[in-house]
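Asker: Based on these hints, arrange chain R on the given structure of chain H.
Chains H and R, in that order, give the protein sequences. Just so you know, this note's numbering puts 481 at position 340 of the first sequence, and the rest follows in order with no gaps. Just so you know, this note's numbering puts 194 at position 53 of the second sequence, and the rest follows in order with no gaps.
By construction, these hints were calculated from the structure, which means they are not laboratory data. For clarity, every value in this text was computed on a predicted model and none was experimentally measured. Be a bit skeptical, because a hint or two may be false.
Here are the computed lysine to aspartate or glutamate pairs in the DMTMM-like style, where the Cα-Cα straight-line distance is at most 20 Å [said to hold, decoys possible]: (1) R:K368 <-> H:E174; (2) R:K463 <-> R:E360; (3) R:K507 <-> R:E319; (4) R:K155 <-> H:E242; (5) R:K350 <-> H:E349.
DEER-style ranges, computed between Cβ atoms [what the hints assert, rightly or not]: (6) R:S186 <-> H:E260: 40 to 46 Å; (7) R:V175 <-> H:E347: 23 to 29 Å; (8) R:K518 <-> H:E154: 35 to 41 Å; (9) H:E347 <-> R:E202: 52 to 58 Å.
For every residue, glycine included, the Cβ atom is placed at its ideal position computed from N, Cα and C.
2 protein chains.
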Amino acid sequence: MVFENPVIKEILEKYRRIWAIYHASSVLGWDMEVNMPSEGIGERSVAQGELSMLSQKFLLEPEFVELVNKADGIEGLNEYESGVVRVLKREIKIQSSFPPEFVKELSETRSRATAVWKEAREKDDYDKFAPWLDKIMDLAKRAADYLGYDKYPYDALLDLFEEGLTTEDVERMFEKIEKDVKPLLDRILEEGEVPKEHPLEKVKYEREKMEKVNIRILELFGYPLGKRARLDVSPHPFTTEFGLKDVRITTRYEGFDFRRTILSTVHEFGHALYELQQDERFMFSPILGGVSLGVHESQSRFWENIIGRSKEFAELIYPVIKENVPEVAKYTPEDLYWYFNIVRPDFIRVEADMVTYNFHILLRFKLEKIMVNEGIKAKELPELWNEEMEKLLGIRPKNYGEGILQDIHWAHGTIGYFPTYSIGTLLSAQIGEYMKRDIPDFQEKVRNAEFSPIKEWLREKVHKYGSIYPPKELLRRSFGEEVEPEYFVRYLKSKYL
Amino acid sequence: MVFENPVIKEILEKYRRIWAIYHASSVLGWDMEVNMPSEGIGERSVAQGELSMLSQKFLLEPEFVELVNKADGIEGLNEYESGVVRVLKREIKIQSSFPPEFVKELSETRSRATAVWKEAREKDDYDKFAPWLDKIMDLAKRAADYLGYDKYPYDALLDLFEEGLTTEDVERMFEKIEKDVKPLLDRILEEGEVPKEHPLEKVKYEREKMEKVNIRILELFGYPLGKRARLDVSPHPFTTEFGLKDVRITTRYEGFDFRRTILSTVHEFGHALYELQQDERFMFSPILGGVSLGVHESQSRFWENIIGRSKEFAELIYPVIKENVPEVAKYTPEDLYWYFNIVRPDFIRVEADMVTYNFHILLRFKLEKIMVNEGIKAKELPELWNEEMEKLLGIRPKNYGEGILQDIHWAHGTIGYFPTYSIGTLLSAQIGEYMKRDIPDFQEKVRNAEFSPIKEWLREKVHKYGSIYPPKELLRRSFGEEVEPEYFVRYLKSKYL
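Bound-form chain H, shown alone (with noise of 0.2 Å):
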């Protein structure tokens, strides 16, 4: 029993109420995105709204809080149960921060701003969601002042996602980054080794065989389809946990450029082991589920790219798929690797490669820091998004849909979110180097599809964790060092020069 102190055994048993909404309203998420009629939305978000008001009325009962600040108080818990008293305070804070007439504007100004910005990315159109955008970030910096921060307003949003993340932690990573892997982008540019573009993009595939692919993938990685893990079709692919033995990941079907349902597969992959992984213990408490958005990104990053764009990768898939796209018997295995690891400045995030991929981040950093933090406003933003894409990548959008207008977040008002991605891509190299010291021949491995180490070597050193420690503490322990991009350097490094 992890579990033994009579007041957090009282604590978890009254969790269960809140746990069982969490529950129901991840299977209403995950459903409204793969199953949902159109027409349903309107009584879904009616649903939604109203669960996530009991989960916090539940939350903030003072009889429960009370209970966290006894347990909070008590000498000798084990790290589970501070870690069980640790995520309900920062759960408590959060969502008592907020008044209720913030929460429902902010509910409303969501939804509306998202279809603004549906209808301004269909026409073009900037001018309509410009006031929309102000209207979100003022009330991110609402929210913000909510919340509190010691430095800046932006340090209280990006530590929602990523606990304990500051402003200053993500200028010190993105300056690495550009020092370091902008010149290796131009590098790559002018060298021309390195395919800019490749004839696989255009082969098109039946969806029946890809989902073949896909599945056979997920096999030779031992996900558990059918007993406690699905597959499914999402146009955004997405991981969705309702407990330890619900994990449920979606792929998109495009029709051509295979490499985008595989990597997607892959990747999510990568988020839904973290859950599978976790210690059945913690069943029903909240130190059950991935830490961080941080954390989370470099599991699904190093599937992604550390495994999945591998030569040994390449070489494990290309037999199943050559079986089920014959075109590809054209190429070899080593071509299949290259079309995996195009390097081409793109407009669209989602489509970014490897080392194209963080100026996407950054790029939108920025401008959510001054927003944020100095109060720029929407008006002035493509200019700057604009000149800002130039000069990192050397291109120029031609329309708002190429540009400011191409991501759903600022919409949904998520402000501080983009910097996760970064870190996991970051997170996710420097897991690939420890790895390599305890598994020299991971890589090896990868060729023969024997996973079982790789996996066994994640879940101990991350997965089994749960939430105890915040993110960066778990680092910490687990690998003496907290997010450092020199690791993602040095093997961008390795692979493309």
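Answerer: Using the frame of chain H, we list chain R on its own:
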């Protein structure tokens, strides 16, 4: 606006969170049948248990109950407002009847009895299940005591599923069935003109092709697939609604005997239509949705029996079946019609035809009644089952799987549920006859896929009332009489003689 009284408005505002929990619980239930990976069951059950405790808690909150009682005393509520009070008072009465320990005991006994039943059925070992059936029946009697009743404990259980239904109602209904349908069945079997079996039963089909047939039929019916509705697959077809704009049916594919999948789809469409044609103004209120299991079943049976097993329907769908099951080209639409209307005594209720179906229900009703009202014990049942089966259908089960172990209902603790199947069946013929008075050529319209007037009529007579009136009152208001088996007998005679 249908809801104008301020007290009613306040009730509905407070009801919204209960509605949201029901919505969530329905989505979780649907997902469990259609999607859930097998090991997800443990966490899902816990979540469902917590949600049902929550909805009960909110329904019985003194403030809410007082408000409902207050509304009950108001003069001059309109029929919609009175409907809200009626439904909530009934729900409150039911939910407050059972002490929490009893609910827990019932829920645990159900889970364990279901597990034992599954094993007992696999091993054809009734003795294993018998003590659990006694426990279930004991709980049913205690439930009846908690609920209260005038004459028989079984009345209280019937009322749970079909408001106002009594043991005597059901006895009267079956007396007529036994008296009139039994001789009809004997005559059909004796004369031998109605087929007892058909070569189309053995024809195999491809699942993808049959999916096309089902989708085509649903399109002909005007089922709003993708907009407000879905069709999925589950071993036991069912319908569920998450509100007005998201209604889902399932069907089954065994790969042969295609009338099973087609009639399942048509049957579930009937349930779905009842929900889809509700009054939009009832959204989020307790009067949205079908009023009782019997009336619901009358809608599904109307589409299955009156439409789906008609000559005109066979003519309508013959081409699309032929296109997708080439072997059907050897047969005529008339063959198809008779294949859909075979009469053959069978051990298994869910495979039964229209003539024999009610005898399966009668048998179960007789046994439930004597167990609940007279305390007959489980060990005596198999013999009683087999005797009754022989008396009613002239066949005697060779094992328990063909007999008393075939249904999951008793293990689930649903006692008093079966009679609603017969009510629906009888009522469907009744509705067919009423419809003919208003739309004399409605069956001609089926041939031409003119379903709109049929759907409109059902909306006007049944659907649009939601749960405003109790089932018996709804029938009296719309049709001037309650369930009357005579219509069904006439229908069978005109079809088979």
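Asker: Run through the hints listed earlier and report the numbers of any the structure violates, in increasing order.
Answerer: none
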